[in-house]
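Asker: Chains as they are written, first to last, in my numbering: chain L, 1 to 359; chain W, 1 to 359.
Simulated from the structure, these hints should not be mistaken for lab results.
Just so you know, even glycine gets a beta-carbon here, dropped at the ideal spot from N, CA and C.
Don't take every hint at face value.
[What the hints assert, rightly or not] To spell it out: a stretch of chain L is covered by chain W in this simulated footprint if at least three of its residues, at any positions, have a beta carbon under 8 Å from a beta carbon of chain W; those stretches are:
id, stretch
1, 53-62
2, 70-83
3, 100-114
4, 151-165
[Said to hold, decoys possible] Facing chain L, from chain W, some residues (calculated, C-beta under 8 Å):
id, residue
5, ALA58
6, VAL59
7, GLY64
8, GLU65
9, VAL67
10, THR70
11, MET72
12, ILE74
13, ASP148
14, SER152
15, LYS153
16, GLN154
17, GLY155
18, ALA166
There are 2 protein chains.
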Amino acid sequence: MEVLCARKIRYICAMLEEKKPSKTSLEELGEFALIDQLTKAATTAMPSTVHGIGDDAAVLNHDGETVVSTDMLIEGVHFDLGYMPLKHLGYKAVVVNLSDIYAMGAQATQILVSIAVSNRFTLEAIEELYAGIHLACKTYGVDLVGGDTTSSKQGLQLSVTALGKAPKTGAVLRSGANDNDLLVVSGDLGAAYMGLQVLARENEVFKVNPNHKPDLEPYTYLVERQLKPEARKDIVGLLEALEVIPTAMIDISDGLSSEILHLCQKSEVGCRLYEDKIPLDPQFISVCEEFNVDSTTLALSGGEDYELLFTVKQEDFDKIKGNPNLSVIGHMTTKGDGAHLVTRGDEVIPLKAQGWKAF
Amino acid sequence: MEVLCARKIRYICAMLEEKKPSKTSLEELGEFALIDQLTKAATTAMPSTVHGIGDDAAVLNHDGETVVSTDMLIEGVHFDLGYMPLKHLGYKAVVVNLSDIYAMGAQATQILVSIAVSNRFTLEAIEELYAGIHLACKTYGVDLVGGDTTSSKQGLQLSVTALGKAPKTGAVLRSGANDNDLLVVSGDLGAAYMGLQVLARENEVFKVNPNHKPDLEPYTYLVERQLKPEARKDIVGLLEALEVIPTAMIDISDGLSSEILHLCQKSEVGCRLYEDKIPLDPQFISVCEEFNVDSTTLALSGGEDYELLFTVKQEDFDKIKGNPNLSVIGHMTTKGDGAHLVTRGDEVIPLKAQGWKAF
Numbered sequence: 001m002e003v004l005c006a007r008k009i010r011y012i013c014a015m016l017e018e019k020k021p022s023k024t025s026l027e028e029l030g031e032f033a034l035i036d037q038l039t040k041a042a043t044t045a046m047p048s049t050v051h052g053i054g055d056d057a058a059v060l061n062h063d064g065e066t067v068v069s070t071d072m073l074i075e076g077v078h079f080d081l082g083y084m085p086l087k088h089l090g091y092k093a094v095v096v097n098l099s100d101i102y103a104m105g106a107q108a109t110q111i112l113v114s115i116a117v118s119n120r121f122t123l124e125a126i127e128e129l130y131a132g133i134h135l136a137c138k139t140y141g142v143d144l145v146g147g148d149t150t151s152s153k154q155g156l157q158l159s160v161t162a163l164g165k166a167p168k169t170g171a172v173l174r175s176g177a178n179d180n181d182l183l184v185v186s187g188d189l190g191a192a193y194m195g196l197q198v199l200a201r202e203n204e205v206f207k208v209n210p211n212h213k214p215d216l217e218p219y220t221y222l223v224e225r226q227l228k229p230e231a232r233k234d235i236v237g238l239l240e241a242l243e244v245i246p247t248a249m250i251d252i253s254d255g256l257s258s259e260i261l262h263l264c265q266k267s268e269v270g271c272r273l274y275e276d277k278i279p280l281d282p283q284f285i286s287v288c289e290e291f292n293v294d295s296t297t298l299a300l301s302g303g304e305d306y307e308l309l310f311t312v313k314q315e316d317f318d319k320i321k322g323n324p325n326l327s328v329i330g331h332m333t334t335k336g337d338g339a340h341l342v343t344r345g346d347e348v349i350p351l352k353a354q355g356w357k358a359f
Numbered sequence: 001m002e003v004l005c006a007r008k009i010r011y012i013c014a015m016l017e018e019k020k021p022s023k024t025s026l027e028e029l030g031e032f033a034l035i036d037q038l039t040k041a042a043t044t045a046m047p048s049t050v051h052g053i054g055d056d057a058a059v060l061n062h063d064g065e066t067v068v069s070t071d072m073l074i075e076g077v078h079f080d081l082g083y084m085p086l087k088h089l090g091y092k093a094v095v096v097n098l099s100d101i102y103a104m105g106a107q108a109t110q111i112l113v114s115i116a117v118s119n120r121f122t123l124e125a126i127e128e129l130y131a132g133i134h135l136a137c138k139t140y141g142v143d144l145v146g147g148d149t150t151s152s153k154q155g156l157q158l159s160v161t162a163l164g165k166a167p168k169t170g171a172v173l174r175s176g177a178n179d180n181d182l183l184v185v186s187g188d189l190g191a192a193y194m195g196l197q198v199l200a201r202e203n204e205v206f207k208v209n210p211n212h213k214p215d216l217e218p219y220t221y222l223v224e225r226q227l228k229p230e231a232r233k234d235i236v237g238l239l240e241a242l243e244v245i246p247t248a249m250i251d252i253s254d255g256l257s258s259e260i261l262h263l264c265q266k267s268e269v270g271c272r273l274y275e276d277k278i279p280l281d282p283q284f285i286s287v288c289e290e291f292n293v294d295s296t297t298l299a300l301s302g303g304e305d306y307e308l309l310f311t312v313k314q315e316d317f318d319k320i321k322g323n324p325n326l327s328v329i330g331h332m333t334t335k336g337d338g339a340h341l342v343t344r345g346d347e348v349i350p351l352k353a354q355g356w357k358a359f
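Turn these sequences into a full structure, and let the hints steer you where they fit.
Answerer: Structural data, given as structure tokens:
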């Protein structure tokens, strides 16, 4: 999948308004033929995949601990096909699950994908979705080894299960952080959420005026973070190379605050997070100004960043300091101290979870 | 869950028409509180469960090969809450997935359950669903180790992933059957499908006349096969005890014909199935007469039996003959011979898949 340019995004915004030529209906095709069609690209490459698609279950051998995670994505709740092209959706659905595997310090190895689709979808549309799924498999080196394909009453529902091989030193849990451990985050925060705001605004304008030509050039990074997020497989490799074993780790799907509070709760510690240390992309900062919203608030609660948040021992500081992929944003304290944000003005404010509400 | 008696089924048919007292809405509760509420009963017991619910992923250790399978169940497509109580749905959703694990000759060990629910469901309704899920876990000795909980735009969608530990001799695939192997099935066939027909008929009558008191006594077995199917964990144990290693195995979810054809295709063999050997329950036979439908046709294409269909070497015949749980229903032939049904009148008819159509 090419990187999204502004022209591409314009096309995306426009494509759903176009009348499509008549295409292959799923009823015509039947379930088994559809599965064959969608999975013919699913060759297996991982040594741990003993048998892939085509039996009652897949057979794996991880030679040690296996990690497994699953997520459900519902049209109209988690994605809007009005500004999420199907190929990107397939890619993203895989990536968000792999992110959970990397958050265990594990190597992602296999996925299973189930889809339920209403008859408004054609074979070609579902093939687009699977093109994204296969691309994600290729990009991250995981095998598609199973799943289910069925009809839905309304819309598209996706369920992805990801499996991985835990490191020999054991999976990294949320519960291992200790008082004085450093709190570290990969990449930058908030951009995916702002990308969604930009797309939603353009979509509204487009509805009113289909001839409107949005200029998305100033928003390319934000929109790409929303439409084509990546999971931080590289960070797991980087930490291994640096010989740093995180004491606790989680991925950031619901916003930084919410994830910090999960770490604190599971590890029974407190935390000090420093506002001025939170990594923000310059484009994110300038668009927050344009939208007249507070960048820290969005970085804390925006969600969908899929960065890794982890704690390391103080003595590991020298190994990670100055790494452009990692920011030390605070440190853990005792449970009694609670979880706090230290603002640029040196105010100390209790951290609150303002994560994305599913209901 | 108690065995369904006729009175119970009457209650089931009636309960959905009742006005329920106002109950806890999911919006009030929020996602994290809902997850806590639903999973507090999910204690882990399997030695292979290293960490269960509560992290980015579950951690397992199967000390050898792992098998994994997943299924999606959509309201209005796979189940109708008009005659499927939520507790039974939860139980069945787990059972149909475990059936896939047993069909690999494996021991089911863990499940992950994702649900998407619209706001028409109350907390109490979802707790009923999970009561069935937890009961199935207890009955089959598997741990609930993860999942996802989210809202849907419409109705209830469930996705269950099941994991298991393959036998030391390797997972039993669909592809291992050879010419001359015996074809064996557990239990009896067609009853679950007829149970659904009975429930659908009663539901129609009930809609027209809510005071109608259906007499479901003559249909108890059929209705129970539909509403509370069981997976044949016992057969995996039985074969082990008999020292029989099936050459190929599949579970019967889409009807006997369809599954035989899968075995033939994957194993590159043909088959002769003998009509007079297909095991049918007396209640099934008599209700087929009442509904004026052909019992063989329904046994071949009915679906949802969740029995195990497998092949064994000729020399294993003595080990299985006369076992009340197992019926030898035919034998495999060369691929060139094709797959055929030999009728009671000695006619030889090509087998056709008339499995349940998802689209």
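Asker: Of the hints stated earlier, which fail here?
Answerer: none
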